[in-house]
Amino acid sequence: MEKIDSFVAWVVALTEQYPVIAKYMTTVSRWVFVVLAVYILVRTIASLLSTRPTPEVWGYLYVENGVSEPITHWENLIGRSRSADINIPLNTISKNHCLLARRGDEWLLKDLGSTNGTAVNGVRLVPDKRYIISPGDEINLGGVKCILASISIEESRNNEELRRLDKEPISPWKPMLAITLFQFLTVIQLIISMGTKVPGMAVLSFLLLCVLMWVYVFVFRRLRRKGYELEMIAFFMSTISLAITTSSAPTTTFKQFMAIVIGMALFIFMCIYLRDLDRTKRIRPILLILSVLLLVFNLIFGTIKYGAANWVYIGGISFQPSELVKLAFICIGAGTLEELFERRNLYTYAAFSLFCLGCLAVMGDFGTALIFFVTFLVVSFLRSGDFSRFALTSVGAGILGLMILRFKPYIASRFGAWGHVWEEAYVNDAGYQQTRTMSFGAGGGLLGIGAGNGDLKYLNAADTDLVFGMVMEEWGYVIAVLLVLCIVTFSLFAVNSIVAGRSSFYTIAACGAVTMFTFQTMLNVFGSVDLFPLTGVTFPFVSAGGTSMMVSWAMLAYLKAADMRKDASLAIAGRRFELEE
Amino acid sequence: MRRLERRAIMCLMLAAVLFLGIVVFSWRFVTRGGKWASFYGNTQVYTDGVISRGSVCDRNGILLASCTEDGIVYVDDTTLRKATAHAVGDPGGNIPYGAVNYFKDELIGYDLLNGTYDASRDGKSIQLTIDAEANRTAYNYLSYYDAGLIGVFNYKTGEIVCMVSTPAVDPAYYDDVDPDSAVYYNNFIQATLTPGSTFKLVTAAAAIETLDMEDYSFDCDGYNEYGGDAFRCVAYHGEEDFYDALANSCNGAFGEITRTVGAGTMKKYVNQFGLTSPVDIDGIQTAKGSFSFPGDDDVALSWAGIGQGEDLVNPCAMMVYVGAIANDGEAVAPRLLKRTGIFRRRSGKSLGHYLDAGTAAELRKMMKNNVESSYGAGNFPELDIYAKSGTAEVGYGETSWFVGFIDDEAHPYAFVCWVDGGYGGAAACGPIVRATLYTLIENN
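Those protein sequences? They're chains A and B, same order as listed. Just so we're aligned, residue 1 is where the first sequence starts under the numbering used here, counting upward by one. Just so we're aligned, residue 1 is where the second sequence starts under the numbering used here, counting upward by one.
In short, the hints are calculated from the structure, not lab data. The C-beta atom is built at its ideal place from N, Cα and C for all residues, glycine as well. Hints should not be assumed to be uniformly reliable.
Said to hold, decoys possible - Here are the computed lysine-lysine pairs in the DSSO-like style, where the Cα-Cα straight-line distance is at most 30 Å: (1) B:Lys124 <-> A:Lys23; (2) B:Lys267 <-> B:Lys288; (3) A:Lys174 <-> A:Lys255; (4) A:Lys305 <-> A:Lys255; (5) B:Lys124 <-> B:Lys35; (6) A:Lys23 <-> B:Lys35.
As the list claims (entries may be wrong) - Some chain B residues close to chain A (C-beta under 7 Å, calculated; not the full set): (7) Met1; (8) Arg2; (9) Arg3; (10) Leu4; (11) Ala15.
Using the sequences and the accompanying hints, generate a full structural model.
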């Protein structure tokens, strides 16, 4: 600690002694920051999006007409429908005939109430009941004979060879070095701009973040995990977050760092937990109860901050329960293919959503309520494929009406200023924050005016709701837009992984998580620059605020669980036969 | 699973909206960034709402104002402050087209790459095209009248070398001045005025382009009754040709010429000569003139053709038109910011050919004839001047106009001068124009 303080004092002394060199340093490092950021993010984003993973093959289904269909998911819909995973275009087979799912080493078969029925080894299956079947069993689908064949180790190896030919994730070392350099220069720049106002703890936070990053990658490289792009992006965004926090509230940097630590711990825990689908499914009721309790607790003990009673203080620590509930909301919304055919499961989710939205409405947290609502819409569409019938008419309309009633005065004032913030009537009133965001943001130009030099930070909520403006002012338009593109990348990546997805649970969870990320970013960024009415939500990974940072990291686990590139993700267990080798 | 792949298009759509929003925002960022950054709420470049960076100087480098964190510091000389007030602008923002108010993004040194980042925090020194000394000369003359204006620009490069509007505020001491006071009003940019006889240059151009005026003759009896109305002249002109008619500024003749040209053609020409649209001066939009040429009322049409009736013209637009006559018909966009550095352009931005070169040449001859036979070339020693005077009758009395240009390779200046009151256009405005041109030629 002493060493850090003397380092700060040394840089401050140098700055005072050679002010011209300090200015020159800022002028040049603005370029270096942009170049590094472009390098780090373009490399990682390109690596994430440049490949479509080859699906794993878990077995074959031989159909009597001589066709053999590879089984590429843990959960497969068999039917005449062209969108079935195993498509058998014969008239006696129903559109959604049956489900074939893998649980551990076993295979389950479930007839979905098909017209002509399903039989295994001559025994007719009761519709909607699971049966365990073994490879070699003869399956009769509406008169069509099929045989389930397990995959031999030989074939499995061949298939793994094929997957090995996929483009490998980039090696993390070079981007890591770039991030480290970025972090080092950030500290120097902050000290040049703010002098002794930068506390030693802030410098320590950057140092520890750097150590944390290297340790994380070293450890999981040892465990033969290869893909770190998502984490690289998150580390980069977290670095910007620390810099923003240091600039606006220097004494809270360490707290922000601790949020990253807890977030990462949660992330690693969730990644490992998510490996086992059954285990994950079992914990959902517990999550549901916990969420309900959290929200009720919030309703009773909540404190109003920035107009919404969504904060809870326990033992000097403040946090937002609704942020934590986001994690559970995704998990509860996700379901296996089998569950998607069960009404009850969907009703549970709808009821839970209704409860969450009701609580948020009572709290007065319009932004978060919107995020939950949109995520609910997307997830229920993913589940049912049908908006109009279910989501919109029943629950959607009710919730929307409820919310509009609850937020009427709020919405009226925010919508009144929307699109008119520069007008005389709003510029110093309901448009105050947006006009300042744009003005200071534009003042940053493409390169920014240097971390710590900004003035937007003196506004209320500058480092949370208006963080996009702060990044633009201090880091420049290029880096600010790159941060948004990171979020877009998450979406593309999640959708890109579906093709090789093991279970619809992971796919829906990943899509739900990116929906939250995307929509939240949209509200934050567009709200602050008057493309949307200002709602006051955080920018994932970037905004100051502990709960938001923790949840952003934890949410990333859902993306990792969908990363099907070979040996890439720590959230995916390797194939067992490899372990046996 | 395959179905999910299809349904996941929802996520892609959401991502697409985010992306498109960023594209829209980027477009605004690029096109409006300068305006945003120079907003008075930006404390990087404003102190208590007053711009705190940059300085303004004239074409010869005379410092007229510097913006500091203690406010805007103006030049010490009171007359110079008032003479350049409308070009430089006031701290209160009541002169919207003054440099410190209109060219804020230039002053703060904004550029897309660096934003307002400026290691020195001094901002940029912007150089106006005006000559402060010429402004001072003009201001001294104009201050004899209640209100007035002069605009002089280089009709080849477009540079406005002199722009004065009176009355003018002293921008260093403005605290007690009513924001709606006339001292903040720039007549040259913001006003539209009855053009009076100077408009005959427009009618004459229309006549040359559409009629055969070679054998034109008119018999002026000084009273010129038409349609029950009298188109009086200041004197009895007798038999006159087209040249005489313009030199005499004969209302009878021009009333008749207008009727022959016709309402539709007159309308076409005022549009073509840019008199009905705003003039763009480095982004500043001037007021736009308006005219009414009724097709079914010959008397009103006649008045419109001689610059009376409902005619209203913006002085700057008039100057650009006269500049086009001087420049073989090609109009050049006026500007106030002096181009420096690599993007400097020798010639101005063309607004296209307002008139045929032949028409322009004919008009020049007629304007020369005006000077020689009516205003007296001897009143403008050493100036090869071409002009048209005007007296406009307005509700409360008369206003005087003098528009024209000088033919001087090194000083190709066109001018417009207007004062409230005075006895005849050339008599009132001639001396102002003459003195201003002398200062300009001496200094440049």
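Checklist entry - Given the hinted pair A:Lys305 and A:Lys255, is their alpha-carbon gap at most 30 Å? => result The hint holds at about 19 Å.
Next on the checklist: Between the alpha carbons of B:Lys124 and A:Lys23, is the straight-line distance 30 Å or under?
Outcome noted: At roughly 18 Å apart (the allowed maximum being 30 Å), A:Lys23 and B:Lys124 satisfy the hint.
Item to check | Closest C-beta approach of B:Ala15 to chain A relative to 7 Å, hint status | outcome: holds, 4 Å
Next on the checklist: B:Met1 was flagged as interface toward chain A. Is the shortest Cβ-Cβ separation under 7 Å?
Outcome noted: Since chain A brings a Cβ to about 5 Å from B:Met1, closer than 7 Å, the hint holds.
Next on the checklist: Does B:Arg2 hold up as a contact with chain A if the rule is Cβ-Cβ below 7 Å?
Outcome noted: holds, 5 Å
Checklist entry - For the pair supplied as a hint, B:Lys124 and B:Lys35, is the alpha-carbon distance within the 30 Å limit? => result Since the Cα atoms of B:Lys124 and B:Lys35 sit roughly 16 Å apart, the hinted pair holds (cutoff 30 Å).
Next on the checklist: Would the hint on B:Arg3 be counted as holding, given a Cβ-Cβ threshold of 7 Å to chain A?
Outcome noted: holds, 5 Å
Item to check | Straight-line alpha-carbon gap A:Lys174 to A:Lys255, limit 30 Å | outcome: Roughly 29 Å between the alpha carbons, so the hint for A:Lys174 and A:Lys255 holds.
Item to check | Hint validity - B:Leu4 Cβ closer than 7 Å to any chain A Cβ | outcome: holds, 5 Å
Next on the checklist: Given the hinted pair A:Lys23 and B:Lys35, is their Cα-Cα distance within 30 Å?
Outcome noted: holds, 26 Å
Item to check | Straight-line alpha-carbon gap B:Lys267 to B:Lys288, limit 30 Å | outcome: holds, 15 Å
Taken one by one, the earlier hints all hold for this structure without exception.
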